[in-house]
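Colleague: Protein chains in written order, with this note's numbering: chain C, 3 to 139; chain D, 728 to 1026; chain S, 152 to 284.
Watch out, some of these pointers could steer you wrong.
Unchecked claim - Counterexamples of contact, computed for chain S against chain C with all Cβ distances above 10 Å:
#1 235
#2 237
#3 269
What the hints assert, rightly or not - List time: in silico DSSO-like cross-link candidates among lysine-lysine, alpha-carbon distance up to 27 Å:
#4 190/S - 249/S
#5 159/S - 249/S
#6 159/S - 190/S
#7 121/C - 74/C
#8 121/C - 136/C
#9 74/C - 112/C
#10 990/D - 249/S
#11 136/C - 7/C
#12 249/S - 112/C
#13 952/D - 249/S
#14 952/D - 136/C
#15 121/C - 7/C
#16 112/C - 952/D
Hint data in this document are derived by calculation from the structure and do not stem from the laboratory. Backbone N, C-alpha and C define an ideal beta-carbon position, used for all residues, glycine too.
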Amino acid sequence: MPVTKSDSISVRSAGEVVGVRHLVRRWAVELGLSLVEQTKIVTAASELARNMIDYGGGGTMTAEALDDGIRKGLRLIFEDHGPGIPDLQAALRDGFTTGGGMGLGLGGAKRLSNEFDVKSAPGEGTRVTIVRWKGAS
Amino acid sequence: MAESQWAVLAGVVREHSDEVAREWVRLQQNDLTLRNNLLRAGELEQQCREFLAALVNALQNGGGADVLRSETWAPVRELLSGISRSRARQGFTPTETAMFVFSLKKPVFDLLRREVNGEQLADISWAATTVLDALGLYTTETYQRGREEIIARQQQELLELSTPVVQLWHGVLALPLIGTLDSARTQVVMESLLQAVVETGSQIAIIDITGVPVVDTLVAQHLLKTVAAARLMGADCIISGIRPQIAQTIVHLGVEINDVITKATLADAFAIALTRIGLHVTRKNNPQQQQRRSETAAE
Amino acid sequence: MQSIPILKMGSFLLVSIQVDMDDRTAMSLQDDLTSAIVKHRAKGVLIDISSLDVVDSFIGRMLANTAAMARILDADTVVVGMQPSVAITLVELGLSLKGVRSALNVERGMELLQSIARQNLAEADEADAGHEK
């Protein structure tokens, strides 16, 4: 899938989550995603960025604009070198949280995206990839 | 093929382009498959001349045989794209559209046979064939894309037409759904309803599914999501038109539909809605009744 | 961090969130609201989110917590003006915003708070009447 544009930003502190939202919103608008599509991916990015800060010790988000001439999409990759997620299955279940929050981060981001992938293991950090395609449901 | 041979081809065609154009137009008009009523002669001639000019330019500027990718051939491709799309819109078939290019071959070959000497003739004819074949195929592709764009647009219009939101009263909206509800359609439906709620400031939205033949888990879930979203915004939803079979399906599927008001008919739902917003329907008094009343009061 | 103004309208408080809040702003708003409820003995809080085009789980939690704290302080909370795309996203996300009432706009939100206040008063009167007997 041809990547027409790519950019990475560091996400280390809670104050930077707003910046993540603004960047993702700008790219989503540029790709022509509908308002609801924009809101879904911006919200998913907010959740994942926050997860990275709270549990991964901060990391980077890479945004990639995808365009193969037929489909347009936005891919976001959240990568950290934190402790990793010990029980991935449990983490994907809603309500699960080791902190005191609502525990909707991973499951929620998955539901808000067309494609979702997570790679993580204790001691190996975490890498979450989400994609939203223009015109998909 | 050597540079000079492209130059020869370009030169020959340019020098005799008037003649080629005339012959080309004539062939197309004679062709039984060309629908004269769809295309005016003037329009066809203009398209042919423009195309020839662009073709000669591309050949002279060293475009070579790389018709589909080279920047030099871009103006020709754009021209063909436009012609192809307009033919698609006008109702021509893909073959008829491709014939625009292919029918140029005969005039060009006739010309080459006259103007080019024996040795070069074979090579230059081959060059011309390569170019025209590629361009002919290109029209088919853009024709295809043109049709797909039309279909996509028609689908969108159909989607929008079949999800009308109706205002039954100040503050009460109704969404009468008709036909099959698939995922894409339900998204559109959800968004139009919620947008209408904001625009009209309506507190109640009645979703009537009388006209929906099949309600499966997915549809039921979509409906419930719409209800939940409306509630988050401050409006209530009533689902009406629930037929006995649908009620059965919902119970069998174990879908949680407890805290949603459901009514059998749109009329029932409307009555409830009016009560909710504090309205009461009373019968107008008839004059005779009023006369009797005032007489009784006077006594 | 920005400070979000809180307006007093009779016995209610009105907050209009116009900016995309960062975490500190959100937490500070939560604190400011609870202090204001106590200070003004407010009976209700109206939070206008019509300018917010994103509500993630953090903001959602903030709204739910604010409503819960207000309840303990004997005040009701109504969130108004949620945008359709935000509502659709929240439902997909799975956030229920329990304990938070909602209304379409500020006007309706006020009406709702007033009717809740009237109802509370009526119930209190009944209870008093019961006690006197």
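Colleague: Each hint needs a verdict: does it hold in this structure or not?
Modeller: Hints versus structure:
At roughly 8 Å, the least C-beta separation between residue 235/S and chain C is not larger than 10 Å, which violates its mark as non-interface. Under the 10 Å C-beta cut-off, the non-interface status given to residue 237/S relative to chain C is violated; the minimum distance is some 6 Å. The beta carbon of residue 269/S is kept farther than 10 Å from every beta carbon of chain C, the shortest such distance being approximately 33 Å. For the suggested pair residue 190/S and residue 249/S, the alpha carbons sit about 26 Å apart, so the restraint of at most 27 Å is met.
Taking the CA atoms of residue 159/S and residue 249/S, the gap is about 25 Å. The hint holds against a cut of 27 Å. Distance hint between residue 159/S and residue 190/S is fulfilled; the C-alpha atoms sit about 11 Å from each other, no more than 27 Å. A C-alpha spacing of about 25 Å is found between residue 121/C and residue 74/C, which places the hinted pair at or below 27 Å, so the restraint holds. Distance restraint check for residue 121/C and residue 136/C: the Cα-Cα separation of roughly 25 Å lies within the 27 Å cut-off, and the hinted pair is therefore satisfied.
Pair hint residue 74/C plus residue 112/C holds up; C-alpha atoms about 19 Å apart against a cutoff of 27 Å. The straight-line distance between the Cα atoms of residue 990/D and residue 249/S is roughly 26 Å, inside the 27 Å bound, and the hint therefore holds. About 16 Å separates the Cα atoms of residue 136/C and residue 7/C, which keeps this hinted pair within 27 Å; it holds. In summary, the hint linking residue 249/S to residue 112/C is supported, as the alpha carbons are separated by about 22 Å, within the 27 Å threshold.
Between the alpha carbons of residue 952/D and residue 249/S the distance comes to roughly 16 Å, so the proposed pair stays at or under 27 Å and holds. Under the criterion of a C-alpha separation no larger than 27 Å, the hint pairing residue 952/D with residue 136/C is consistent with the structure, at around 21 Å. The hinted pair formed by residue 121/C and residue 7/C meets the criterion: a straight-line CA distance of about 24 Å does not exceed 27 Å. Note on residue 112/C and residue 952/D: the hinted pairing holds, with a Cα-Cα distance of about 17 Å set against a maximum of 27 Å.
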